[in-house]
Amino acid sequence: MKLIDRRAFLELGLASGAGLAATTLLPHAAAAARRPNIPSAAPVGKRKLVVLDMGGGNDGLSMFPPKGSGATADAYRSLRSRTRIESEDMIDFGGSNSVGMHRNLTRIKAWKPAVVLGVGVNKPDLSHFEMQRRWWSGDQDSTHLTSTGFLGRLCDQIGERSAPAVGISLGYGPSPSLNAARVTTLSMNPYSDGEFPRFWDVDMDSAWKAAWKIMAERQSNETVPFCSARDGAAYARHFSDLARALPGQGDGYPNSELGVQLRLAGQMLRQDNGIRIIHIPVFADFDTHDDHRNRHAEIMDMLDRAVDAFLKEMVATGHADEVLVVTTSEFGRRVPDNESNGLDHGAGSFVMLLGPVNQGFYGDYPDLTSLDRDDNIVATVHMNDYYATIAQKWFGVPSSEVISGGSAMSGIIDT
Amino acid sequence: MAATNAQLVAHVLRRTTFGPYPGQVESYVSKGATKTIDAMLARSALSTSSPPNLTNDDSNDPVKWWLSRMASHSAGVHEKMTWFWHGVVPVSHSKVYWWQVEWPAHKLLRQYALGNYRTFLKKITVTPAMLVYLDGSWSTVQGPNENYARELQELFTIGQDKVIEANVQHGALALAGWHADYDTGKAEFIDERWASLGSGQKVSFLGKQVYRSDGVIDAVCDHSATARFIANKAWLYFVGKKPSTATLDSLARTYRNSGLNNRTLVKAILHDPKFLSSRFSRPRYPVEWVIAAMAAMGLSSKDAMMDTLWGMGQLPFYPPNVAGWPSGDGWVSPSMALAKAALAVDSPAIKTVVDASDPVAAALKRCSMYEVSSQTRKALKRIADEPDLRHRKADRARILLALCLSSPEFCLA
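Taken in sequence, the protein lines are chains Y and L.
Read in order, the letters of the first sequence are residues 1 to 415 in our numbering.
Read in order, the letters of the second sequence are residues 1 to 413 in our numbering.
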């Protein structure tokens, strides 16, 4: 599977819609040598979440490769003779002699992330779509079919019904992960300004809006598609008021699509407008069936710059204690590399949490000398436990309300 | 109340073309729905004899070329099925980035839009664009790449619930040996032991012994799940809701007995009584909405179309992933409403609406809306009754058209 690279499209100069803001490429200061000042977490009611959803299958082993002389490091080097991260391309994460960090994550390292190793499911499937469905719905072993998503259920727990939106996906269509039962969640094109299209003549515009309001009234005797269409029209108007009142764009973001998405996330999170969860589909090609090393390294650099800019803005504007950034991916990559210098679909991957967290590795590093029958890692931490940690430790929501059978991990977040 | 001929014909044209364009319903209304279906089925494939410029991979000339074909007043079911197959067996320019090879792949969609699915799959499987898109290029028996073997089964034929890993691995071996040559733009097969199965050397796949790529395609097409899988997708596309088990059984049987003939399948769907009664059962997908809306506005700018389609996330040649575009009510979400309204507010004043004694009726006719809810009428009347606009007929016409294009009736198919 290939996730579309919208940045390439934008470079063609096509997405010239009114919503496209000018971006500037600022020279980036060398990565901060010291940890920027993130205070301890804000009260639970003020906390917000940004989810970087790395669809396509992000390789955890390349982010945090084994090093040194252990059996797992030996296995890594031999199974990945074409794609391994060499020791000169690693930096020291701290706290471990046997695990390094990809050098293109130098800026992120300075933010002292918590890293959960080997997150996956009991019975992995190698299909993107099946595993994305499980991650989005929070249905680890495909046994709890539900119409809501994990993030949507979290929004139902923490959000206000009256809010124009509690959860927003900054992509090009709704995300099933945000399907909620009680509160409003929606998606927004990251290049749009979210404002309701208008007629510039005042009389025309007021007639347009008055008529729109009538058209958007849900009718009890109409079919589901009609109700969905009228609701879509109603929430579009409602959300527009929120979008118009957003504070200005932050500075220093890179010119990547993720930079644009995170800059908009920053605008949305700097005020109390009811938005609590922002889902960001990361439009990079993580599905590295060929030329893994170069392609993945480029993505890591893109990620590093964009996340760094976002966290800097949160610190500068005094919101760093309110925002937790976490990553997800439906799976990692196959442990042995293929002959195209690439990596086929894998099982568990590694995830990062950034913000008011305690730096370190959590969970056990997968044993690369003992792979499953598809030559993939055996998960050492369950997806449900990772989700339970976010729900319970960050939002104070009992995990049983939003996820079946997970238990929160201790140490990562001080509650 | 029974539906009128105009309502049924408008429905048929929404589902079998990218229209209706203004005036089209009126020209078919005396024929009635069934004859309109047959007329759209009988329309011939649009010509590919003047292809887009393929020399610049940074250009989106092929996208514009395709949008022009969809917007053609001669487009029928063939054009509609060309778009359908793009969503079922996609290739994306964002990965392949090589129009020279994407064009032949696109022509295969057209050649087999109403043709034989098995033959189509045999050809598309080893076409350079697909070899690049799903990593079949340079997959060898010594180093097989599983991507195509997996997606072929999961998304193009038997469906995810039937996929087992052994068939992915063995399928990859049988498919191995091909690559897209970067100098010639042709697919080449390496008949050597390190690259491909030896002559007559078979692998076990889906319960059969298969040989090379044609053997893999024969095995997936012989599997009973494939006819069912494609029939279900085509039914959803044309009818807009899930088929009953009995309907799907019968449709899959018809399709299978035809040897996977796409025209037979589509004809069976369009002549099912449920087709005519399923009006407004699914969203008008972005390409359908944009092309019909631009026709109602009397505009043809392909740049405007592309901008709107990009913002809505459905640009031809740029599917989001190998599963194509999702179906469902996500296409009438708040963000879609914003994107549509952004185009609709640019509507010019249409003369027939400006000059009409009943501008609401004229705007509805312009948009081929013959089945309108009382709530939508109420909203339109709000504009028609606005005292400030009483003497500004052109401005009033613009808002009326913008509201029609944003209404549930126009945003659903």
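Don't read these hints as lab results, they were simulated from the structure.
Among these hints, one or two may not hold up.
Unchecked claim - Computed cross-link-like contacts, DSS-like style, restricted to lysine-lysine with a CA-CA straight-line distance of at most 30 Å:
| id | chain 1 | residue 1 | chain 2 | residue 2 |
| --- | --- | --- | --- | --- |
| 1 | Y | K213 | L | K241 |
| 2 | L | K31 | L | K274 |
| 3 | L | K233 | Y | K123 |
| 4 | L | K107 | L | K351 |
| 5 | Y | K123 | L | K208 |
| 6 | L | K242 | L | K267 |
To be verified - One side only, chain L facing chain Y, incomplete, derived with CB under 7 Å:
| id | residue |
| --- | --- |
| 7 | W65 |
| 8 | G198 |
| 9 | A379 |
Claimed, not checked - Computed list of chain Y residues with no C-beta within reach of chain L, every gap over 12 Å:
| id | residue |
| --- | --- |
| 10 | A71 |
| 11 | M90 |
| 12 | I91 |
| 13 | M204 |
| 14 | A297 |
Where a beta carbon is used, it is the ideal one built from N, C-alpha and C, also for glycine.
For this structure, which hints from the list above don't hold up?
4, 7, 8 and 13
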